[in-house]
Amino acid sequence: MTDTVTVPVDAPAFTQEFSRRCQVADCRQPAQRVQFGDTCLSVVFIGRGNTGFLTDAIAHRFVGPGPAELTVYVVDAQTSGIRPPVPYWTWQQADGHGMIDTHATGYSGHFQQDTDVFTWVARPERTAFLWLADRTQLPDWERSFPLRYILHKWLEDNDRYVLVHAGAVGTPVGGVLLTGRGGSGKSTSTLACLHSSLHYAGDDFVLIDTEQLVVHSLYNVAKLTPDTIGRFPQLEPLVANPGADPDQKAQVFLHQHYPDVVTAGFPLRAILLPRFTGGTDTTYQSATAADALRALAPSTLALLKADGRTFQKMTRLVRQLPAFWLDTGTDLPQIPATILALLSACPVATPCP
Amino acid sequence: MTTIPYYLVAPSVVSERFDDEVIIVNMARGHYYSLRGSAAVLWQPLEQGATADTLSQYLATRYTVEAADALSALMTFLTQLSGEQLIISSETAPATLPNVGEPVAGRLPFVAPVLEVYTDMADLLALDPIHDVSSVDGWPTKK
Numbered sequence: 083m084t085d086t087v088t089v090p091v092d093a094p095a096f097t098q099e100f101s102r103r104c105q106v107a108d109c110r111q112p113a114q115r116v117q118f119g120d121t122c123l124s125v126v127f128i129g130r131g132n133t134g135f136l137t138d139a140i141a142h143r144f145v146g147p148g149p150a151e152l153t154v155y156v157v158d159a160q161t162s163g164i165r166p167p168v169p170y171w172t173w174q175q176a177d178g179h180g181m182i183d184t185h186a187t188g189y190s191g192h193f194q195q196d197t198d199v200f201t202w203v204a205r206p207e208r209t210a211f212l213w214l215a216d217r218t219q220l221p222d223w224e225r226s227f228p229l230r231y232i233l234h235k236w237l238e239d240n241d242r243y244v245l246v247h248a249g250a251v252g253t254p255v256g257g258v259l260l261t262g263r264g265g266s267g268k269s270t271s272t273l274a275c276l277h278s279s280l281h282y283a284g285d286d287f288v289l290i291d292t293e294q295l296v297v298h299s300l301y302n303v304a305k306l307t308p309d310t311i312g313r314f315p316q317l318e319p320l321v322a323n324p325g326a327d328p329d330q331k332a333q334v335f336l337h338q339h340y341p342d343v344v345t346a347g348f349p350l351r352a353i354l355l356p357r358f359t360g361g362t363d364t365t366y367q368s369a370t371a372a373d374a375l376r377a378l379a380p381s382t383l384a385l386l387k388a389d390g391r392t393f394q395k396m397t398r399l400v401r402q403l404p405a406f407w408l409d410t411g412t413d414l415p416q417i418p419a420t421i422l423a424l425l426s427a428c429p430v431a432t433p434c435p
Numbered sequence: 045m046t047t048i049p050y051y052l053v054a055p056s057v058v059s060e061r062f063d064d065e066v067i068i069v070n071m072a073r074g075h076y077y078s079l080r081g082s083a084a085v086l087w088q089p090l091e092q093g094a095t096a097d098t099l100s101q102y103l104a105t106r107y108t109v110e111a112a113d114a115l116s117a118l119m120t121f122l123t124q125l126s127g128e129q130l131i132i133s134s135e136t137a138p139a140t141l142p143n144v145g146e147p148v149a150g151r152l153p154f155v156a157p158v159l160e161v162y163t164d165m166a167d168l169l170a171l172d173p174i175h176d177v178s179s180v181d182g183w184p185t186k187k
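Line order of the protein sequences matches chains B and C. Residues in the first sequence are numbered from 83 upward in steps of one, following this note's numbering. Residues in the second sequence are numbered from 45 upward in steps of one, following this note's numbering.
Hints are computed from structural coordinates only; laboratory data are not their basis. All of these numbers come straight from a predicted model, not from anything done at the bench. Be careful, since some hints might not be right.
[As the list claims (entries may be wrong)] Partner residues are not named here, just some residues of chain C that face chain B (Cβ under 8 angstroms, in silico):
id : residue
1  : Phe62
2  : Ile67
3  : Val69
4  : Asn70
5  : Met71
6  : Tyr76
7  : Gly81
8  : Glu110
9  : Val161
10 : Tyr162
11 : Leu168
12 : Asp172
13 : Val177
14 : Gly182
15 : Pro184
Beta carbons: idealized from backbone N, C-alpha and C, even for Gly.
In isolation and in its complexed conformation, chain B is listed as follows:
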C-alpha cells in the first residue's frame, strides 16, 4: 500500500492521518460492537486472518448494531501494510515505560517496545488505534486482556468508572471483588466458584462503576499457572494455548465452555483479599479499607501505568465496601460456600452520592 507522505504536525493531524489510512484500507473487516457498562466500543479490525486473538476474551460482551462512543481500529501491519503516520513527537518524549508525552490534552500514546504494539487514544475524535506490527508474534498474554489500555485511557477522566486488577464472582443480586498481589490465590478462588451458584465476571481485570457499586465483566478468560491447572484438572483439555511457552499462563476462554457461568456483571457487596493458609478449610475475617487499597492499588496502577486519578477512584471504592480476608484452604468447594455465606451476611452497600 502506498501512502501520501504526510508529516503530521500535532495530535489532531496525526489522528486524522491515521484515521484516513484505516478508512481507505481494502482489508477492513466489519465493525463489531462491544459493550462494557455504559461504554460501547465499535471495534474495526484491519488486516487479514482470524481475529479471535482479539475477540475471544471479550466475545461475551458483543452486542448488536447501534451507536458507539468510541471507534477502535485494530491494525495488523503484517497483513494490512498500514503503518502509523510519522510521529510528531520525539522519542525522548516517551518515558521509560513507553508512555508518550503527546503535548495535547485528550490524547494518549503508548509504545510497547518488546511486543511492537502502539496504542493511540484520541478523545476529541472519539477514536483509538491499536497497531500491531505482527499479530502472530504477540505473546499469549496480550490476547487475554485486549483493549485494556484503550479502555483505561478512555475512562481515566471519568470519575465513575475504573478498571481494576481483580477478579469478581457473584449472583445477580450481589457479589464480591477478589484482589491481591500475584500468588495470593485470586485465580484459584475465582475458579473454585465455577461449579457453584456464583457467576464469573473475571479473574484479572474488571470494570467498576464506583457510583452504582456494580462490577462489569471485561474478559472471560481464565489464566492458569501450572499449579492452578493441577488444582483444576477438568480445565486442562480446554486450554486454548496448550503449546505456550513455559513462562506464559495457560488460557481458558470460559465463555466458550461455560457460557452460563460467565456474567455481564452484578452489584458489589464486599471486597475479598484471598490468602492461602496451607490448611484445609476456608474462612473469612474482617479487613480494613487500607488493607483493601494496599491489595488493589499497586498492581492496578502498575499494570495500567495509571496515575492519581485511578488511585482516587479505587480509594472511593474501598471506602464504600466492607473488606474481608479470605483465608483459603485446600478443600476447594469450601471457597464458594464461604463466599456465599459471607454474601448472605453482608448488607447491601449504599453507594455514596
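Given chain B, work out where chain C should sit, using these hints.
Structure of chain C alone, referenced to chain B:
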C-alpha cells in the same frame, strides 16, 4: 531552633489517609508504603509542609515524649522518606503551616515512626526505554 528547611510531600506521590494508616504510592519509584502510629500522624503536617521542629512539636502534643527527644527518631524517618523520594525539602514557607495545637488528652506512649516499604510493584514496572528508531519513518524498530 531551626526554621528551615520545610519538608513536604513530593507532588508526584499519591496517598490516602485512613483511620489508623496512610497508604502511599510512588509510581516513579515503583514502590508503595504504609504508615501507622506516629508515622501516620506525621503525614498530615507533611502534606502541608513543616520544619523538623514543628514536626517534633507535633509529635510531642500527641505522644508522651518531649519534642527534643523525638527529634532524632524524626530525622531518621525524614531521611527514609526523602530516600524514597516521598518528600522534598524547600526553603520557601508553605502557604499554610500546620497547627501544632495543644497537647491532646490521653497522649499515647511514643514509638518511633516507621516507613513500611513494599517493592513488589516494581516488578510490574520494568523499564524498557525506546531506542533504535528508524530514520525512514521515525518509529522504533524491533530489538
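Do the hints match the structure? See the list:
The criterion of a C-beta within 8 angstroms of any C-beta in chain B is met by Phe62(C), whose closest approach is roughly 4 angstroms, and the hint holds. With a least beta-carbon distance of about 5 angstroms to chain B, the hint placing Ile67(C) at the interface is held under the 8 angstroms criterion. Given hint, Val69(C) at the interface with chain B, holds; its Cβ is 6 angstroms from that chain's nearest Cβ, closer than 8 angstroms. Because the smallest distance between the Cβ of Asn70(C) and any Cβ of chain B comes to about 10 angstroms, over 8 angstroms, the interface hint for this residue is violated.
At its closest, the beta carbon of Met71(C) sits 6 angstroms from a beta carbon of chain B; the interface hint therefore holds under the 8 angstroms criterion. Here the hint on Tyr76(C) is kept, as its CB sits about 5 angstroms from the closest CB of chain B, short of 8 angstroms. Here the hint on Gly81(C) is broken, as its CB sits about 13 angstroms from the closest CB of chain B, past 8 angstroms. Annotation: interface hint on Glu110(C) violated; nearest CB of chain B at approximately 30 angstroms, more than 8 angstroms.
Taking 8 angstroms as the C-beta contact cut-off toward chain B, the hint placing Val161(C) at the interface is violated, the least distance being around 12 angstroms. The beta carbon of Tyr162(C) comes within 7 angstroms of a beta carbon in chain B, closer than 8 angstroms, and the hint placing it at the interface holds. This hint holds: Leu168(C) has a C-beta 4 angstroms from the nearest C-beta of chain B, less than the 8 angstroms allowed. Satisfaction of the interface hint for Asp172(C) is found here, the shortest Cβ-Cβ separation to chain B being roughly 5 angstroms, below the 8 angstroms cut-off.
Because the closest C-beta pair between Val177(C) and chain B is about 5 angstroms apart, less than 8 angstroms, the hint holds. For Gly182(C), the interface hint holds, since its Cβ comes within 8 angstroms of a Cβ in chain B; the closest pair sits about 5 angstroms apart. The interface hint given for Pro184(C) holds, since its Cβ lies 6 angstroms from the closest Cβ of chain B, which is under the 8 angstroms cut-off.
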